[in-house]
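Novice: Listed below are the residues making up each chain.
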Amino acid sequence: MLRRGSTLILYTVPNHMTTLSDDQIIDGVLDRHDRDGLRLMQILREVQEQLTWLAPATLTRIAAGIGWPRAEVSGTAAFYSFFHTRPRGKYCVLWSDNITDRMLGNADLMDAMCKKLWLEPGRVSEDGLVSVNTTSCTGLCDQGPAILVNYRAIPRMTQAKLGEVVGMIRNQVPVAEWPAEWFAIEDNIRRKGLLLDHALTDGQALKAALERGAEAMLGEIKAGKLRGRGGAGFSTGLKWEACRNAPGTGENPAHYVVCNADEGEPGTFKDRVLLSSYADLVFEGMSIAGYVVGANKGLLYLRGEYRYLLDPLESALAARRSANLLGANILGKGFDFDIEIHLGAGAYVCGEESALIESLEGKPGRPRIRPPFPVTRGYRGQPTTVNNVETLASACLIAARGGAWYAAQGTDKSAGSKILSVSGDCERPGIYEYDYGVTVRQVLDDCGATDTQAVQVSGPSGICIASDEFGRRIGFEDLPTAGAFMVFDESRDMFEVARNFAHFFAHESCGFCTPCRVGTTLVRNMMDKIARGHGSPYDINELFKLHRLMQGASHCGLGNSASNPVFDTLNKFRPAYERRLKSLDYEPAFDLDAALSQARQMTGRDDAAAHLSNEETT
Amino acid sequence: MSMSFQLDGEDIAFTPGQTIMQAAKAAGVYIPHLCWHPDFPAHGSCKLCTVKLIGPHGGRFGSACTMEAQAGAMVENRTAELDDKRRTLLQMLFAEGNHFCPSCEKSGNCVLQATAYELKMMSPHFDMFYPDRPVDASHPDVLLDFNRCIMCSLCVTASREVDGKNVFGMGGRGLLGRKVHINSESGRLGDTDFAVTDRAAHICPVGVILPKRKGFAVPIGERQYDKAPISAQVKESA
Numbered sequence: 030m031l032r033r034g035s036t037l038i039l040y041t042v043p044n045h046m047t048t049l050s051d052d053q054i055i056d057g058v059l060d061r062h063d064r065d066g067l068r069l070m071q072i073l074r075e076v077q078e079q080l081t082w083l084a085p086a087t088l089t090r091i092a093a094g095i096g097w098p099r100a101e102v103s104g105t106a107a108f109y110s111f112f113h114t115r116p117r118g119k120y121c122v123l124w125s126d127n128i129t130d131r132m133l134g135n136a137d138l139m140d141a142m143c144k145k146l147w148l149e150p151g152r153v154s155e156d157g158l159v160s161v162n163t164t165s166c167t168g169l170c171d172q173g174p175a176i177l178v179n180y181r182a183i184p185r186m187t188q189a190k191l192g193e194v195v196g197m198i199r200n201q202v203p204v205a206e207w208p209a210e211w212f213a214i215e216d217n218i219r220r221k222g223l224l225l226d227h228a229l230t231d232g233q234a235l236k237a238a239l240e241r242g243a244e245a246m247l248g249e250i251k252a253g254k255l256r257g258r259g260g261a262g263f264s265t266g267l268k269w270e271a272c273r274n275a276p277g278t279g280e281n282p283a284h285y286v287v288c289n290a291d292e293g294e295p296g297t298f299k300d301r302v303l304l305s306s307y308a309d310l311v312f313e314g315m316s317i318a319g320y321v322v323g324a325n326k327g328l329l330y331l332r333g334e335y336r337y338l339l340d341p342l343e344s345a346l347a348a349r350r351s352a353n354l355l356g357a358n359i360l361g362k363g364f365d366f367d368i369e370i371h372l373g374a375g376a377y378v379c380g381e382e383s384a385l386i387e388s389l390e391g392k393p394g395r396p397r398i399r400p401p402f403p404v405t406r407g408y409r410g411q412p413t414t415v416n417n418v419e420t421l422a423s424a425c426l427i428a429a430r431g432g433a434w435y436a437a438q439g440t441d442k443s444a445g446s447k448i449l450s451v452s453g454d455c456e457r458p459g460i461y462e463y464d465y466g467v468t469v470r471q472v473l474d475d476c477g478a479t480d481t482q483a484v485q486v487s488g489p490s491g492i493c494i495a496s497d498e499f500g501r502r503i504g505f506e507d508l509p510t511a512g513a514f515m516v517f518d519e520s521r522d523m524f525e526v527a528r529n530f531a532h533f534f535a536h537e538s539c540g541f542c543t544p545c546r547v548g549t550t551l552v553r554n555m556m557d558k559i560a561r562g563h564g565s566p567y568d569i570n571e572l573f574k575l576h577r578l579m580q581g582a583s584h585c586g587l588g589n590s591a592s593n594p595v596f597d598t599l600n601k602f603r604p605a606y607e608r609r610l611k612s613l614d615y616e617p618a619f620d621l622d623a624a625l626s627q628a629r630q631m632t633g634r635d636d637a638a639a640h641l642s643n644e645e646t647t
Numbered sequence: 112m113s114m115s116f117q118l119d120g121e122d123i124a125f126t127p128g129q130t131i132m133q134a135a136k137a138a139g140v141y142i143p144h145l146c147w148h149p150d151f152p153a154h155g156s157c158k159l160c161t162v163k164l165i166g167p168h169g170g171r172f173g174s175a176c177t178m179e180a181q182a183g184a185m186v187e188n189r190t191a192e193l194d195d196k197r198r199t200l201l202q203m204l205f206a207e208g209n210h211f212c213p214s215c216e217k218s219g220n221c222v223l224q225a226t227a228y229e230l231k232m233m234s235p236h237f238d239m240f241y242p243d244r245p246v247d248a249s250h251p252d253v254l255l256d257f258n259r260c261i262m263c264s265l266c267v268t269a270s271r272e273v274d275g276k277n278v279f280g281m282g283g284r285g286l287l288g289r290k291v292h293i294n295s296e297s298g299r300l301g302d303t304d305f306a307v308t309d310r311a312a313h314i315c316p317v318g319v320i321l322p323k324r325k326g327f328a329v330p331i332g333e334r335q336y337d338k339a340p341i342s343a344q345v346k347e348s349a
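Chains as they are written, first to last, in my numbering: chain A, 30 to 647; chain B, 112 to 349.
Next comes chain B alone, as it looks inside the complex (with noise of 0.2 Å):
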């Protein structure tokens, strides 16, 4: 027997104990998200996948991520409301890094960006931050570009689950403070055992992992992202 929700009116079938972004990942419904990825566990911090979940008292807001799908729930996805609080969270990601899509080289490829065309973000509405978060070059075959970090953790998680290596870790508090650790005493992504073959290396869903001496081998235009918008890819994926 399949149990189902439904999201925007639609009838989502789910398996218990799934999430409500898994179940709607597996029907082909399209929940912006940024630090969420199929293959681990939620980490639940970009808010992206914010839904409402209607009750008898009203509207609950909560993570589509880590909220267990339930029988007869009525959940609101892409509604003005929510993708309106959706264009504010990415407007504020765009504030607080440094982010420039023309000369980055995962433009077309970078969910950030994917998310915000999505979202008809149209600019970055705050004033910009502008922080002073430096680049590491140190490792011979990756580089590392925090400005465009949106602390989403999947290089966490992959390098621990699945290269078993621990290279990243997220520490540090608040706005400023909070960033990815390196493994090494020296801070530097050259004094750790990290790989370009590592997992890791191809987990960041913006720019600031990056593989040395091959750029732009795919042009602008023909990248993923280019060719449909990212909520026409989740069907075609199911």
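Here chain A stands alone, though its shape is the one from the complex (with noise of 0.2 Å):
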């Protein structure tokens, strides 16, 4: 079919693919990775990204290459939203779908995209140009609705500015020729704590950690009380110590240090931040978690979404290897440790920390049987720690300036600060560290947020709060959080905002426990019910229920928690369920007017002599 105001479009192949067979790029991809199937994510994106998809054929040759069965390729290759097994556009389109670039519009200008690239969502169009389709959160909530083009960061999306994409599009302009100045992120940093005023100069950290000895910066850090920043707030310092006692086992003993920049939860931007604009403090950190746990390799793992920042920060390391700050000697103290930066490919799971390792190790990101725990078997079987991007960065802090310090800072179950990225209603989003301790309300108070009718803390998998909880604090103690806050007005309709990630948990459920795998989907197709109209109390009966058996039931946290919103909706604003809901008993989920959809697509009508309506109100 053509396109409105286009020819056919003949391609023109790029000079660089004239020389290179198929076969010969991804033997050369192959044998940069030592033809190593633990490599095989970072194989499979580098490929993806000469050959736009991984064709049946490129499968096998990659298999073959590193020696694996086909089938765990395949495996490995159709479990990540960004790895793509059919054909792709030459122009792939994807809208981040987070709760707050809905609320910035990002439906209407999807659809407006569509509409004038003549394109159905999620399908590619006829004459292989292009596909538009959501993702989720790309972590730029602060400056949505935001885009990825061809895996290229877009922020702030604009009617005009998508007239000006799809023009880059028809006309087939190479994205890397795109004006720059789109692809800007900003870091949007408001208020600055002790972390991100740190003050230190590079490799004053380390160098005081390797003055004071591995074993006694471990008993700074554990005399400095930190915790875990990802959310679940385990102490750093044993998980450190659990590492380093941990023997390393079989023909190639080693620990390892891997640092989790897969920041997926929704609503999360501050590891994007660090990893901009203080990137040298997190490579320190991991380089003095290294040294205390006996680690000479360190494993950056950065979500696929924050591609863009892979070059910078490839600079970054190369910058601390000509300082002495990585590879060998460092500082002529005798240790030894370098970092290498493996990036994720969509998938949200992998934040949790054992299939983090899993899919470092090229397989599917499937969380473990734990125990054993990664600080005894880990990345390759080895004891690993796997540490949050600011927990390291604040180790640097606790290193130069001592643990008493440090604990002195907060409050006495959450030493030290942290950092929290707000969005959604509020004049100023963006980055704001506090000391732990700080209230609801003050962090409000400063974003600028007026009417505010509820605050998701930490996410989708974190914890609803109403207003007449804005007197809690952040804290271990009170609300532990991974830094997201995302906040909604008045106007806000918090059963959208539920239904919202209920379609995030569904799409993000690895599938391998069943609670899980089925449960996100029953959970998701409720709230759709409930939405069309069609609920009853017995579906809200049926939520509870599904939430007492994820729950308690799952195999990881991502189960565990992916009902929490649903369940906290229900109970802090029911009315937003109730007035959807018809005033039976029962409702049958069978819908004969929605059957017939098909039926009127076939027939091209959508009158309303072609709908069954009013027929159950009797």
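There is no bait here: all hints are sound.
Calculated pairs, DSSO-like style, for lysine-lysine (alpha carbon to alpha carbon, straight line, at most 27 Å):
1) A:K611 <-> A:K601
2) A:K251 <-> A:K442
3) A:K236 <-> A:K251
4) A:K144 <-> A:K190
5) B:K163 <-> A:K574
6) B:K231 <-> A:K574
Because the hints were derived from the structure by calculation, they are not lab data.
Once you've looked at the hints, go ahead and assemble the two chains, each given alone in its own frame, into the complex.
Specialist: Take a look at the structure:
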């Protein structure tokens, strides 16, 4: 089918492709990664960046190259949203679909883009030029609505910019030649605390740690009462100690440090800012962790949505190597350590530490059975400490200033500071750092939020709090958080907020265990049923029943918390649900009129006579 | 010296390192399960074996197939609360696939069906998903009908650990994506080195992997779980 305003498109072959065949490209990538199957994720990504998609023959060649069963290679490729095992448009546009993007109007914009391009969402255009779809939160909630075009991020989409983007696509301008200012990501740091105002020079914290000695450094971390910033709040000192004490095993005994930069929790974007403007602090924290646990290698697992950070981060690593802050005999103290960056490919579940390790090893991101925990059996089966970006950066403060000083900041059970990523209904969305113990109300005042109805703390898997709880405090003793702070004012429909999150979890469930795989879809379907006006009190009871099952029986934290947003909003914003319910005890899920939609589509009809209406209201 | 824990108030002896499931099985006590098989490492995906560990601060749920037995532990198994959860999990499995027992060759020998009878599941309860799962008849001796797959991965493990072939792999994500991947570029079983004599050809607890040309050799009514409930057969085999 021809598109309006365009003639039949004949592809021109880029110059670099004329010399290399697909097989040569694949072999080149395989060789660059030593044909190591554990590097499969990076191999798949790099091959796809050159061939646009992963064809069956491509996967066969990669499997043969790394000596893995083909079924495992295709199993990994099929797991990640950003790997394409079917032909992809030359331009792949993904709209971030967090609730904050929705509130900024992404649905209308995406609809307009599809209309301009004569496209259905999720379908590649007939000429193979473009596809438009949604994706889970891309971590640009403070500057949405955001899109990814061929996995490069563009914030602040508007109708005007949309027209220009469509023009670029129609004229087949390579993404690398699009205006650079479109891709500019702002930090939006609104409030600095002890971490963002650290005043450390590069190497200062690492030097202090090396002079102190590993054992003593561990003691300082414990004295500093540092706890994990990814949300769970496990003691960093105990984690490092367990990893340090666990022996490496097998032919290649080793210890590893992994920095979890798979910042996938919707509404969270503080790691984006730390890695954009504080990368040295993060790498230095990794080095200190490596020194303490006895590792010579660190891996930074960067979420695929942050692909644009890869090159600057590689440059930062190169600079640290030149300054002898990485590599052999660091600062002349006999400590060898280097860092490698692995890119994810669109899978929220990889934020779970054992799923992240599976992904680092080239496998689908399925959380492992625990115990054993990563500190004893992690990456390559060796003792591994997996820490959040912010945790590692904070370790630098303790190395430089001591545990006693750090423990005196914040509150008794929550030492130090926390970076919040504030988005939603407020005048100044962005990054706010506070000492632990700050009230929700204080944050709302600072970010310019008015008429606030609710705040989703720590993202969909966290907790939704209503206005009578704004006196509660950020900290492990009250409101633990990974950083997300999404603000909803009185105009917002909290049912739609919960429904957006239900869709998110159904999309992101890894599918391993029954309660999460089926439960997240059942919850999503029930929320959709209620949204269509076909819900009844029966469905509310079903949602509670599913919540009780998923919360206890799921394999990992994703399934255990996936129904939290529904549970919280049902308890705190019940009217948002009830005004949608029919005043019946039971309402069948089967909708005769909806069942006829295909017939209507086939006959091109959508008039009143083609609908069954009002029959149920007797 | 033998150690023991309590399962529904009954003392179960165990050796260190045994899981709750292994110890219960050895003692002839039935804990409902689908993806666990005594010959293979625990997979832990079906969650049918969810039990409740009673502690000083209330109960905690866990999978009996992955939790190691601890001396003196108090574990709940066949309580109304747990069987209710299991029934819901079964209903989830029936709703997400296409299970039609009356026409299934595995009926009577099917662990899913037998467990549903055991737990008195009377209906799938949820709206059926009716997924589109193609049948693979490409192999000369074996038929694959993924409509009945419950994602237990036993075929994956058996092919890898026993047959040394890796004919199957679990891949993809989520309800629609997760599925068994076949080890060939075409994705067809006929293009692999799979054989009807493989252990993996006889491990499926439901009716996905079926030998061809051998239907209903044992009449319905005389099959394994027609004779006695699945819970009673654990005791006999212990």
